[in-house]
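J.: Build out the structure end to end from the sequences listed, making use of the hints.
Chain residues, written in single-letter form:
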Amino acid sequence: MTKGNLSRRIVWREWLGHGIYPVLFCLSLLVSLGAYLVLDSLQSAVDEYVITNQKAMVGGDVVIQSNQPFSDDVRQILSKVPRQDQVNEHQFNGMAYAHDASLLLRIKAIDLTYPLYGELKLSESNTWDHQLAPGQVLVERQVLTALNLSIGDRLTVGEAEFTVADEIIEEPDRPLTAFGFGARLIMSNDDLLKTGLMGSRSRIQYRAELRLDDEQAQATLNALKQATKGTKTRVTGDEDANTSISQVSGNFLQFLKLLVVAVIVLSGVGLMSVVKAFAGRQQHTNAIRRALGEPISQLKNSYYGLLLGMAVLATALAWGLSWLVIAFGESSFAAIIPAQVELTVAWTSVVKVTLIALGLTFLMTHSTIQSLNHIKPVAVLHDHQGSQGSWRTSKGWVLLATLALWALMTLEMGDAWMGTQVTVGLLVIALLFTAFSGLLLKGLKSLAERGHIKHWLSKLAVMSIFRKGNHTMLFFTTLSMAIMVMGSIVALNHTIDQQLLSTYPENSPNMFLLDVQSDQHEALDDMAGKALTYYPVIRARIESVRGLDTQTLRDELGNYDNLERVFNLSYANEVLPTEFLERGDALFDVKTGDSVPVSMLSSFAEFLQVELGDEVVFNVQGITLKAHVSSIRKRHQRGPSPFFYFVFQPEVMASAPQIQFATGQVEAHRIPDIQTAIAKKFPGITTLNGASIAKQLKSYVDQLTQLIQIFTGLSVLAGLMIFISSLVSTSQDRLKDSAYFRLMGMLTKDLYLLNIMEFIILGLSAFVAGGSLAWLTTYVITTEWFNLPFSFPWQTTLLASAALLGTLVVISLVYSRLVIQSNVMNLVRKMVG
Amino acid sequence: MTLLRTQNLNKSFPIGDDQINVLKGININIEAGEFVAIMGKSGSGKSTLLSLLAGLDQATSGQVILADEDLGQLSEEQLAIKRQSDIGFVFQSFHLIPTLNVEENIAFPLNIARQHNPEKVDALIEAVELAHRKKSFPNQLSGGEKQRTAIARALVTDPKILFADEPTGNLDETNAKQVIELLLNLQKASGTALIIVTHDPALAALADRTITIKDGQIS
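Chains as they are written, first to last, in the numbering used here: chain A, 1 to 833; chain B, 834 to 1052.
I should point out that these hints are in silico values taken from the structure, not numbers from a laboratory. Certain hints may be false.
[Unchecked claim] What follows is a set of in silico ranges between Cβ atoms, one per label pair, in the way DEER data are often shown:
id : chain 1 : residue 1 : chain 2 : residue 2 : range
1  : B       : Glu910    : A       : Leu358    : 25 to 31 Å
2  : A       : Asp47     : B       : Ser918    : 55 to 61 Å
3  : A       : Thr748    : B       : Asn860    : 54 to 60 Å
4  : B       : Gln852    : A       : Arg467    : 28 to 34 Å
5  : A       : Thr748    : B       : Asp1005   : 32 to 38 Å
6  : A       : His374    : B       : Lys874    : 30 to 36 Å
[To be verified] Facing chain A, according to a computed beta carbon distance under 10 Å, are these residues of chain B, among others:
id : residue
7  : Glu909
8  : Gln917
9  : His928
[To be verified] Residues from chain A that keep clear of chain B, each with C-beta distances beyond 12 Å, as calculated:
id : residue
10 : Gln421
11 : Gly451
12 : Leu548
13 : Leu805
Ideal Cβ positions, reconstructed from N, Cα and C, are used throughout, including at glycine.
T.: What follows is the structure in structure tokens.
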């Protein structure tokens, strides 16, 4: 019966006998590891999907894509590829209507060889057999629902009527993005001309996918790259094509993981605190063990065994938790993970998390376990000699911890240099926040010390905050930092929501018409029931600014905007009602020589560092146009109103090839009818419903915000763990203080009140500090960056502060009842006896 | 045969800027199998002497030689091994491991010495009359039972010398008598040397020899 390692049995029984230690230990790790495991599994699922479906997602061995029709050189290269090994696609937005309903579509016209790789999954016929009779289209569910159609029904796209042949379940080469405008409709390229939409579109994406063997693929790739050199046409092979989830989703997932890495660091601090408290409690038993001749290595190994075992157990629990989150909370990730990716907890992620848990546990508890070296066996005879060495951060430990953080960051970022930058950034932020917290806490302490706090209980409470071993600084820094992040996001979201989404801005247009012709103005005004505002758009590129070409400018100014892209120029006689002249006496001055006046928007003028009179040279569809800056305009505030970086005099631009778009403000409920009427009469016009887009955007932003809140909330939870573990580790001191107070006649309710006040003062100070920084940051961002009026989130702030107060009061009540009240009289009797 | 001897043993503690000399020039010889009582008033230095003799603490100067080995020359780990093999302890406050039951507490010294001897453990349990309590934990035992467990634990490794610090200090008279009887019987049977620190003249009277400490010196 006495077989086995009794040393191990001692620590395990002590550990499990005091439930608070394993619970705090597991919760600390569970929170961070569970979150990490979920995110890492999501990332693995996406990566796995991409690897498995690489070719299908790219669409071909070589893909060429452009916003302009392909040049003759490109066509010639494409003509050498057999017809059955290529798919030509045209993608653009357009309107469809059926009965009295209309819908914005993302139309994809294809050759029937589509897809070259992967599978087009359909509802009725299940698998696509490359057959689509003339006049037939495939649509996704959204089209059927919005237009109230069934398979076999008819709908109108442009000038042609089509029959819905089947419902699209999955497209192999649709980008893995969770957010996009327009429901999918697939038609044959042969039917495209019938719609009459090709000539009037402003934005058509031309794409060709090619199936080639390796040798041919490389040669064709090289030839296409050569033929498209210097143009905006993109040529990619199957390996260098971008098949990851959309940039926003990818970056967002990485951002969440960085938040979770911060939570992992915090949970490490929690672990350290718990283990320190436990080792402190074990001093007497450890001294007996040493007195009986147990070697220190054996004693320490029993602790390492316990803690590493617990780390493995916590990992197993985290695995279970993440499985539950993924199984039941899949919809929460819809904003960042496309539906076609099948989610599951990845084994590689479990292994990774186990290693992180073991590494973190070893690193954060190593110093405490090493302090067992200082246990003196003689303490069994003399209690005063029983203290084990205090925990100190040695240089070696700091170096090791920094290295571990760097390794984790590098692993996450996939790049050592990026990992270094993020690690340094995090450390700098943590140091700044620690300094800020230190300053505030010092102020609070000096208030109490200098007698500015008159109420005796409040003064006692403030002084208790600074009790040795309280981890006050750590808790304060953690909580205020988490509140700052969460507060900033809440306040920013609230402001944007108030100004742009929930309350669609008054006097702002809510209906946008694309690809309008000049002769359609009158009819459109009639349909809208009011005069719409029309904006001519001329597409052009910038050749030089202040004599510097775009390449030089990019090197000089950075990547705030891509200067080599196509810009939308416009013309007008006067400043738009949503703008005002910031510099210059009038919108335009006079033409000087061959240079025409141009009015520039202030934000872009600042970026380009141009002043009045500076020269900007444009290439307007092949024609060079020299201009000088005659005025600089600024918008009253940001919002959904149109604006142009460059505005010319009508006489300069009116005759240039142009497209027009129109905006109008109409009653929101009339928009669907107007949209349908326009689609019927002018099928070439695309109508966007501003309020409905805002709603769609709001739902997307809400989902992202919710995810950030959840993952930032974990850091608050980690902070609370640190707080609770510091309470556990200072229990003996608190109990002793309480016994003294009790001896002096303090009532039980005052003992409770003392603890409650201590926790509330600490929590509220951190809340106010973090919250103030958050609101200040958000105020600056919204007013200076977004040009929006700041809206304070009163409701959320009050709710959050109430929740925090409630939590702290509950913790203090439970703690006071379990630890103080139940033990204090025993201690008092001992002291008296 | 001399088992334990000290040569000019001194121990001092720093108190602020001063040094308090607790033991001054102690010279003792303990023979194998001998029973020695150490007496003295509170604060006389007897417990400190015990801690030095048992290798629990290091002397400020002087030597403690146990079985021809100078304890002052041993590292912490060598001292631990020495305690495992040659020394047994019985404390006034019992100092049982609260999370181990009677049987496990007794077996613990063997366990840390990587030895396994269940027959020996059972024999000692029988000897201290705790067979019916062998699965009980310390918080379920009376004071006498705790001290009997501690005695069995101290003897399980067949130590050369057994140190007992006020072994009856926390027991009532009946239990104290029973424990002392048991301790002496087992000591005699095993041939182990026994050093008891005590305030009790009746207990000291049972010893082969009594050493009295006064103001840190043998009087």
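J.: Does each hint fit the structure? Answer for all of them.
T.: For each hint, the structure was consulted:
1. Glu910(B) / Leu358(A): 25 to 31 Å: With a Cβ separation near 27 Å, glutamate 910(B) and leucine 358(A) satisfy 25 to 31 Å, so the hint holds.
2. Asp47(A) / Ser918(B): 55 to 61 Å: 59 Å, holds
3. Thr748(A) / Asn860(B): 54 to 60 Å: 58 Å, holds
4. Gln852(B) / Arg467(A): 28 to 34 Å: 33 Å, holds
5. Thr748(A) / Asp1005(B): 32 to 38 Å: Given about 36 Å between the Cβ atoms, the range holds.
6. His374(A) / Lys874(B): 30 to 36 Å: Hint holds: Cβ distance 31 Å, inside 30 to 36 Å.
7. Glu909: Hint holds; glutamate 909(B) Cβ to chain A Cβ min 7 Å, cut 10 Å.
8. Gln917: 3 Å, holds
9. His928: 5 Å, holds
10. Gln421: Correct as stated: the minimum Cβ-Cβ distance to chain B is 46 Å, above 12 Å.
11. Gly451: Holds, since 31 Å exceeds 12 Å.
12. Leu548: 74 Å, holds
13. Leu805: Correct as stated: the minimum Cβ-Cβ distance to chain B is 39 Å, above 12 Å.
Violation of the numbered hints given earlier is absent; every hint is satisfied by the structure.
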